[in-house]
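**Student:** Work out the full structure: start from the sequences and follow the hints.
In my numbering, the protein residues as written are 16 to 224.
Quick caveat, the hints were computed from the structure, so don't treat them as lab data. Note that the Cβ used here is the ideal one computed from N, Cα and C, for glycine as well. Each hint should be verified, as a subset may be incorrect.
Calculated pairs, DMTMM-like style, for lysine to aspartate or glutamate (alpha carbon to alpha carbon, straight line, at most 20 Å) [claimed, not checked]:
{"#": "1", "residue 1": "Lys179", "residue 2": "Glu134"}
{"#": "2", "residue 1": "Lys179", "residue 2": "Glu214"}
{"#": "3", "residue 1": "Lys163", "residue 2": "Glu45"}
{"#": "4", "residue 1": "Lys129", "residue 2": "Glu199"}
{"#": "5", "residue 1": "Lys26", "residue 2": "Glu71"}
{"#": "6", "residue 1": "Lys203", "residue 2": "Asp138"}
{"#": "7", "residue 1": "Lys207", "residue 2": "Asp153"}
{"#": "8", "residue 1": "Lys203", "residue 2": "Glu214"}
{"#": "9", "residue 1": "Lys75", "residue 2": "Glu45"}
{"#": "10", "residue 1": "Lys129", "residue 2": "Glu220"}
{"#": "11", "residue 1": "Lys213", "residue 2": "Glu135"}
{"#": "12", "residue 1": "Lys26", "residue 2": "Glu72"}
{"#": "13", "residue 1": "Lys203", "residue 2": "Glu220"}
{"#": "14", "residue 1": "Lys74", "residue 2": "Asp49"}
{"#": "15", "residue 1": "Lys163", "residue 2": "Glu71"}
{"#": "16", "residue 1": "Lys213", "residue 2": "Asp149"}
{"#": "17", "residue 1": "Lys183", "residue 2": "Glu214"}
{"#": "18", "residue 1": "Lys175", "residue 2": "Asp153"}
{"#": "19", "residue 1": "Lys203", "residue 2": "Asp153"}
{"#": "20", "residue 1": "Lys183", "residue 2": "Asp149"}
{"#": "21", "residue 1": "Lys74", "residue 2": "Glu45"}
{"#": "22", "residue 1": "Lys207", "residue 2": "Asp149"}
{"#": "23", "residue 1": "Lys175", "residue 2": "Asp131"}
{"#": "24", "residue 1": "Lys163", "residue 2": "Asp153"}
{"#": "25", "residue 1": "Lys67", "residue 2": "Asp84"}
{"#": "26", "residue 1": "Lys207", "residue 2": "Glu171"}
Now the in silico label distances, taken between C-beta atoms and shown as ranges [claimed, not checked]:
{"#": "27", "residue 1": "Arg126", "residue 2": "Gly34", "range": "12 to 22 Å"}
{"#": "28", "residue 1": "Ile124", "residue 2": "Met28", "range": "26 to 36 Å"}
{"#": "29", "residue 1": "Met28", "residue 2": "Lys75", "range": "20 to 30 Å"}
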Amino acid sequence: WVIDIEFEDVKSMFDPIVGRIIRLIRSQLEACKDCTAMFLVGGFSESRYLRKRIKEEFKKSVPIISSPDKPIAAVVQGALLYGLDTAVPGDPLNRRTPDGKIFRFHTLIQRGQKVDVNEEVSDILRVAHANQNDMCMDLYVTRAYEAKYCDEPGVELLGKFTIKMPDKHLGLNRSVVYTLLFGETEIKATAKNQANGKEYHTTFELIFE
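**Tutor:** The following block contains the structure:
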């Protein structure tokens, strides 16, 4: 048997996925603002059609759009090299703590998610060290749909919130229920120590541009 599939039929199957990829790239570029080069890696980057669409969409905003000979191998090799040495170039030194760790952005509310006035959003946070005396919770905001690090372009500090964490004998078994209540002009933050029930409160003023 021979199945003859027209180009337009195949194109119609791929276009929705290609469109999602292009929208994701566009949102990343909006957050970055100053991108001079784009490298396409991964199995899907082997598609000439995808590479063509990306170049058509972003050739005016990104001077260099390129892909290695074996895009899928680039991902595997990069992951292997990073696993062998997590201090490879690309991790800014100022992101590292004295013990070599890197703190990442933890999203509570994502752009586009609807939140009613006086609606609460909560999460459970745990101490990072057994001998920790307090916990500092920095609240950041960004217009980007995704953020990985707090020092990325477009990520701004809204405020800091520090609470005491006694009961060091509990070690790492100490947690806090962190709650944000969204008002019309401000965000009220509450942190409740689950070990002793003590609550801490603060308010962050919303930024409107």
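**Student:** With reference to the structure, classify each hint as holding or not holding.
**Tutor:** Now for the hints, and whether the structure bears them out:
1. Between lysine 179 and glutamate 134 the CA atoms are separated by roughly 26 Å; this puts the pair beyond 20 Å, and the hint is violated.
2. Proposed proximity of lysine 179 and glutamate 214 is supported: the alpha carbons are some 10 Å apart, at most 20 Å.
3. A threshold of 20 Å between alpha carbons decides the hint, and for lysine 163 with glutamate 45 the separation of about 15 Å falls inside it, so the pair holds.
4. For the proposed pair lysine 129 and glutamate 199, the alpha carbon gap of about 13 Å is at most 20 Å, so the pair holds.
5. About 16 Å separates the Cα atoms of lysine 26 and glutamate 71, which keeps this hinted pair within 20 Å; it holds.
6. Straight-line distance between C-alpha atoms of lysine 203 and aspartate 138 comes to about 14 Å, which keeps the hinted pair within the 20 Å bound.
7. A threshold of 20 Å between alpha carbons decides the hint, and for lysine 207 with aspartate 153 the separation of about 16 Å falls inside it, so the pair holds.
8. In summary, the hint linking lysine 203 to glutamate 214 is supported, as the alpha carbons are separated by about 13 Å, within the 20 Å threshold.
9. About 14 Å separates the Cα atoms of lysine 75 and glutamate 45, which keeps this hinted pair within 20 Å; it holds.
10. At most 20 Å may separate the alpha-carbon atoms for a hinted pair to count; lysine 129 and glutamate 220 meet this at roughly 19 Å.
11. Of the pairs offered as hints, the one joining lysine 213 and glutamate 135 holds, with about 19 Å between alpha carbons and a cut-off of 20 Å not exceeded.
12. The straight-line distance between the Cα atoms of lysine 26 and glutamate 72 is roughly 17 Å, inside the 20 Å bound, and the hint therefore holds.
13. Of the supplied pair hints, the one linking lysine 203 and glutamate 220 holds, its CA atoms being roughly 9 Å apart against a limit of 20 Å.
14. At most 20 Å may separate the alpha-carbon atoms for a hinted pair to count; lysine 74 and aspartate 49 meet this at roughly 14 Å.
15. Taken as a hint, the lysine 163 and glutamate 71 pair is broken in the structure, with Cα atoms around 27 Å apart against an allowance of 20 Å.
16. Taking the CA atoms of lysine 213 and aspartate 149, the gap is near 13 Å; set against the 20 Å cutoff, the hint holds.
17. Proximity of lysine 183 to glutamate 214 is assessed by CA-CA distance (about 18 Å); at most 20 Å being required, the pair is judged to hold.
18. A C-alpha spacing of about 4 Å is found between lysine 175 and aspartate 153, which places the hinted pair at or below 20 Å, so the restraint holds.
19. Distance restraint check for lysine 203 and aspartate 153: the Cα-Cα separation of roughly 14 Å lies within the 20 Å cut-off, and the hinted pair is therefore satisfied.
20. For the given pair, lysine 183 sits about 10 Å from aspartate 149 by alpha-carbon distance, which is consistent with the 20 Å threshold.
21. Restraint check: the Cα-Cα separation between lysine 74 and glutamate 45 comes to about 15 Å, which is no more than 20 Å; the hinted pair holds.
22. In summary, the hint linking lysine 207 to aspartate 149 is supported, as the alpha carbons are separated by about 13 Å, within the 20 Å threshold.
23. Between lysine 175 and aspartate 131 the CA atoms are separated by roughly 24 Å; this puts the pair beyond 20 Å, and the hint is violated.
24. Taking the CA atoms of lysine 163 and aspartate 153, the gap is about 14 Å. The hint holds against a cut of 20 Å.
25. A hinted pair counts as satisfied when its Cα atoms are at most 20 Å apart, and lysine 67 with aspartate 84 qualifies at roughly 15 Å.
26. A threshold of 20 Å between alpha carbons decides the hint, and for lysine 207 with glutamate 171 the separation of about 25 Å lies outside it, so the pair is violated.
27. Checked against the hint of 12 to 22 Å, the pair arginine 126 and glycine 34 passes, with Cβ atoms roughly 19 Å apart.
28. Against the hinted window of 26 to 36 Å, the Cβ-Cβ separation of isoleucine 124 and methionine 28 comes to about 34 Å, which satisfies the hint.
29. Between methionine 28 and lysine 75 the beta carbon distance is about 28 Å. The supplied range of 20 to 30 Å therefore holds.
Hints 1, 15, 23, 26 from the earlier list are contradicted by this structure; the remaining hints agree with it.
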